[in-house]
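Visitor: Top line first, the protein sequences correspond to chains C and F.
Once you know that position 56 of the first sequence is 466 in the working numbering, the rest is easy, because the numbers rise by one and skip nothing.
Once you know that position 166 of the second sequence is 174 in the working numbering, the rest is easy, because the numbers rise by one and skip nothing.
If you are wondering where the hints come from, they were derived from the structure by calculation, not from laboratory data.
Treat the hints with caution; some may be incorrect.
[To be verified] Not everything, but these chain F residues come out facing chain C in the computed CB check (under 7 Å):
1) A89
2) V93
3) A94
4) S97
5) E98
6) G99
7) V219
8) E221
9) A224
10) A228
11) T232
[Stated by the list, open to error] Residues of chain C placed beyond 12 Å of chain F at every Cβ, according to the derived structure:
12) G459
13) E461
14) V591
[Unchecked claim] On the chain C side, residues computed to face chain F include the following (Cβ under 7 Å):
15) L460
16) V558
17) Y630
The beta-carbon is built from N, C-alpha and C at its ideal position, and this holds for glycine as well.
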Amino acid sequence: MITVTAARKHYGSFLALDDVDIDIPSGSLTALLGPSGSGKSTLLRAIAGLEGLDGGTVTIDGRDVTAEPPQRRGIGFVFQHYAAFKHMTVRDNVAFGLTIRKRPKAEIAKKVDDLLEIVGLDGFQHRYPAQLSGGQRQRMALARALAVDPQVLLLDEPFGALDAKVRTDLRQWLRRLHDEVHVTTVLVTHDQEEALDVADRIAVLNHGRIEQVGDPVTLYERPANDFVMGFLGSVATLGGQLVRPHDIVLDRDRTTALALDAKVADSPGVITATVERVVPLGFEVRIDLRADSGERFAAQITRRDAAELGLHEGETIHARATSRSTVVDHDPALAI
Amino acid sequence: MTSNAIDSRGAEHSASPLSRPGSSGRDASETTTDGAGEGGRSRGSATPGTTPKRRRVGTVRPLGIGIVTLWLSVIVLLPLAALTVAAFSEGWAGFWDAVTAPAAIAALWVTVLVSAIVAVVNAVTGTLIAWVLVRDDFRGKRFVNAIIDLPFALPTIVASIVLLSLYGPNSPIDVHLNATRWGLIVALLFVTLPFVVRSVQPVLIEADREVEEAAASLGASSWTTFRRVVLPTLAPAILSGTGLAFARAIGEYGSVVLIGGNIPRETQVASQYIQQQIEIDRPVNAAAVSVALLAIAFATLLVLRVVASRTQRREERDA
Ligand SMILES: Nc1ncnc2c1ncn2[C@@H]1O[C@H](COP(=O)(O)OP(=O)(O)O)[C@@H](O)[C@H]1O
Ligand SMILES: [Mg+2]
Chain C
411 MITVTAARKH YGSFLALDDV DIDIPSGSLT ALLGPSGSGK STLLRAIAGL EGLDGGTVTI
471 DGRDVTAEPP QRRGIGFVFQ HYAAFKHMTV RDNVAFGLTI RKRPKAEIAK KVDDLLEIVG
531 LDGFQHRYPA QLSGGQRQRM ALARALAVDP QVLLLDEPFG ALDAKVRTDL RQWLRRLHDE
591 VHVTTVLVTH DQEEALDVAD RIAVLNHGRI EQVGDPVTLY ERPANDFVMG FLGSVATLGG
651 QLVRPHDIVL DRDRTTALAL DAKVADSPGV ITATVERVVP LGFEVRIDLR ADSGERFAAQ
711 ITRRDAAELG LHEGETIHAR ATSRSTVVDH DPALAI
Chain F
9 MTSNAIDSRG AEHSASPLSR PGSSGRDASE TTTDGAGEGG RSRGSATPGT TPKRRRVGTV
69 RPLGIGIVTL WLSVIVLLPL AALTVAAFSE GWAGFWDAVT APAAIAALWV TVLVSAIVAV
129 VNAVTGTLIA WVLVRDDFRG KRFVNAIIDL PFALPTIVAS IVLLSLYGPN SPIDVHLNAT
189 RWGLIVALLF VTLPFVVRSV QPVLIEADRE VEEAAASLGA SSWTTFRRVV LPTLAPAILS
249 GTGLAFARAI GEYGSVVLIG GNIPRETQVA SQYIQQQIEI DRPVNAAAVS VALLAIAFAT
309 LLVLRVVASR TQRREERDA
């Protein structure tokens, strides 16, 4: 369990962490999610001791480590750009933490071989980092961090420098690894899809503050505010409310379309709009719309529904949010 | 680093050592074709399509090679050839006699000994100075940074006079180094100060701090991190700077001419011996010892090159 209490951090006059409180349960994989510059790395590095705090405390498994240097916090840290020791072989990289602890040679060799097998770098022992792909380097960095049996594993955008395909593969792999190793893990990412994909808890950061902490489903379905809603998944602004694009019902005929819910057919929730574009996205189709008020929004419907509707650009249509949709009142002050 | 080493070798009074730190490291990576220079340490982008730039340069190749060859011939190779011819004008035996004359051997020995000491001291202090200039913040840092190049900018005879007035017979601080090997060492330390500093500085600026943080997170103390992680990264630059300082020191004349005292077998260095032989009209002796100096300098640069390319082979070309 990692507990951060009232963490504050200034860079000059800029407030990078603004009284951050967060509990990270033991054995969880928690994502710190937020836009660039929101303070994710600062928070992670404060947990690691790589960045000092102006105020607040950090405890790891009940031990107050606020004043401890990174060497004595029992952490493993993985950087976006690998931070490989380029003059050492893969084996020496992974063994580094054990070598400097002067463990017996045989123990080191066994541990390194085991870890390299876990991360799928068996047979790469004698290569240099320069001879590995980005994904392999990052797996090496992970093995290196795990070699010292850290109490917590901290990952700062670990897949950020990799291309899309490798990135998705590697995060699935990280998820499986975590299910095996169970070390308390904190992952920093600005990619909501990545957070939803791997994490069992997500903390959303914005401007150095935590907006909401929860499991992915809660955050997606019951966002605390429109920032969280906007950051996790796409949104459309419909009559002053934020709605998920796939929670929008469209029909050509105002009364029948909305007859599903006849009693709201005349409610202000029904919006008349012009179809500007129909964009096929594979399984779904995105309809770009312009409301009579001039407001633009997009709806996302299945291909079948789109085929039934047979929409054409330029025609007029009626739209409203489904009754069970996730809706947050739009507060311009919190907008992204 | 290697090409950088060769660039600044012949350019002790040119603007190159005065250029801003960082620029030399970058030049090195662009002009080295056989492997990544120090620039390879920076986090390059992952795009593989960076080769066209090199191809565009290729279009001026025949003309470029022509100019380079001509330039090197006129400025470097022809004089060296003339020198070698002069040294062997009385045949191999004449050359050998000239080089193995006791006074010649003594002068060469003093030169190499003193230069080696100077080079080693430079390796340590130069690295330290570069470290402080890059990593620490203090008042007057820019001033100190500019001061480093002074030995390059100052005529060496001026340095000699300065040192003589400070450490000479009338020393205001009562330190008398006149006509001692210590005097030689101090003078050579002065003129070779910038080499290691200026070759380590850009590497240190480019160095990835996260690598050091990674070591710390794995439990390494600052000293362990320096020794096992930072030093290996700096090693090629330190080595290159040290080699250049050594090569410069063995040929140095101006700065040692006054404070050295020119005492044969004690403080007479090879360059002074050469000067002496010219004065007593023994041009073959002078040329022969010059060739010996040349051979030592060349061997130094060759060793540097081999070591540097060996370390660079495994260095990252950042993919
Ligand atoms: N060493 C630093 N000096 C000055 N400002 C910094 C430093 N590190 C981070 N910042 C600033 O603090 C803010 C938060 O940074 P960071 O935690 O890295 O954000 P994130 O990781 O969420 O992108 C950013 O605006 C950034 O510019
Ligand atoms: Mg960051």
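Visitor: For every hint, state whether the structure bears it out.
Guide: Status of the hints after comparison with the structure:
Interface hint status for A89 of chain F: violated, as the beta-carbon distance to the closest one in chain C is roughly 40 Å, over 7 Å. The criterion of a C-beta within 7 Å of any C-beta in chain C is not met by V93 of chain F, whose closest approach is roughly 45 Å, and the hint is violated. Interface hint at A94 of chain F: violated, since its Cβ lies 45 Å from the closest Cβ of chain C, which is beyond the 7 Å cut-off. About 49 Å separates the beta-carbon of S97 of chain F from the nearest beta-carbon of chain C, more than 7 Å, and the hint is not met.
For E98 of chain F, the interface hint is violated, since its Cβ never comes within 7 Å of a Cβ in chain C; the closest pair sits about 50 Å apart. A hinted interface residue such as G99 of chain F counts as satisfied when its beta carbon comes closer than 7 Å to some beta carbon of chain C; here the least separation is about 49 Å, so the hint is violated. For V219 of chain F, the interface hint holds, the least distance from its beta-carbon to any beta-carbon of chain C being 5 Å, beneath 7 Å. Taken as an interface hint, E221 of chain F checks out: its beta carbon lies about 5 Å from the nearest beta carbon of chain C, inside 7 Å.
Satisfaction of the interface hint for A224 of chain F is found here, the shortest Cβ-Cβ separation to chain C being roughly 5 Å, below the 7 Å cut-off. Proximity of A228 of chain F to chain C holds as hinted, the smallest CB-CB distance being about 5 Å (cut-off 7 Å). Of the supplied interface hints, the one on T232 of chain F holds, with its beta-carbon coming within about 5 Å of a beta-carbon of chain C, less than 7 Å. With 12 Å as the threshold on Cβ separation, the claim that G459 of chain C sits away from chain F is violated: the shortest Cβ distance comes to roughly 8 Å.
With 12 Å as the threshold on Cβ separation, the claim that E461 of chain C sits away from chain F is violated: the shortest Cβ distance comes to roughly 10 Å. Consistency note on V591 of chain C: stated as away from chain F, and its beta-carbon is indeed over 12 Å from all of that chain's, at 17 Å minimum. Hint on L460 of chain C holds. Least Cβ distance to chain F is approximately 5 Å, under the 7 Å limit. Using the Cβ-Cβ criterion of 7 Å, the hint placing V558 of chain C at the interface with chain F is satisfied: the shortest such distance is roughly 6 Å.
Proximity of Y630 of chain C to chain F is violated relative to the hint, the smallest CB-CB distance being about 31 Å (cut-off 7 Å).
Going down the numbered hints, you'll see the structure goes against 1, 2, 3, 4, 5, 6, 12, 13 and 17, while the others check out.
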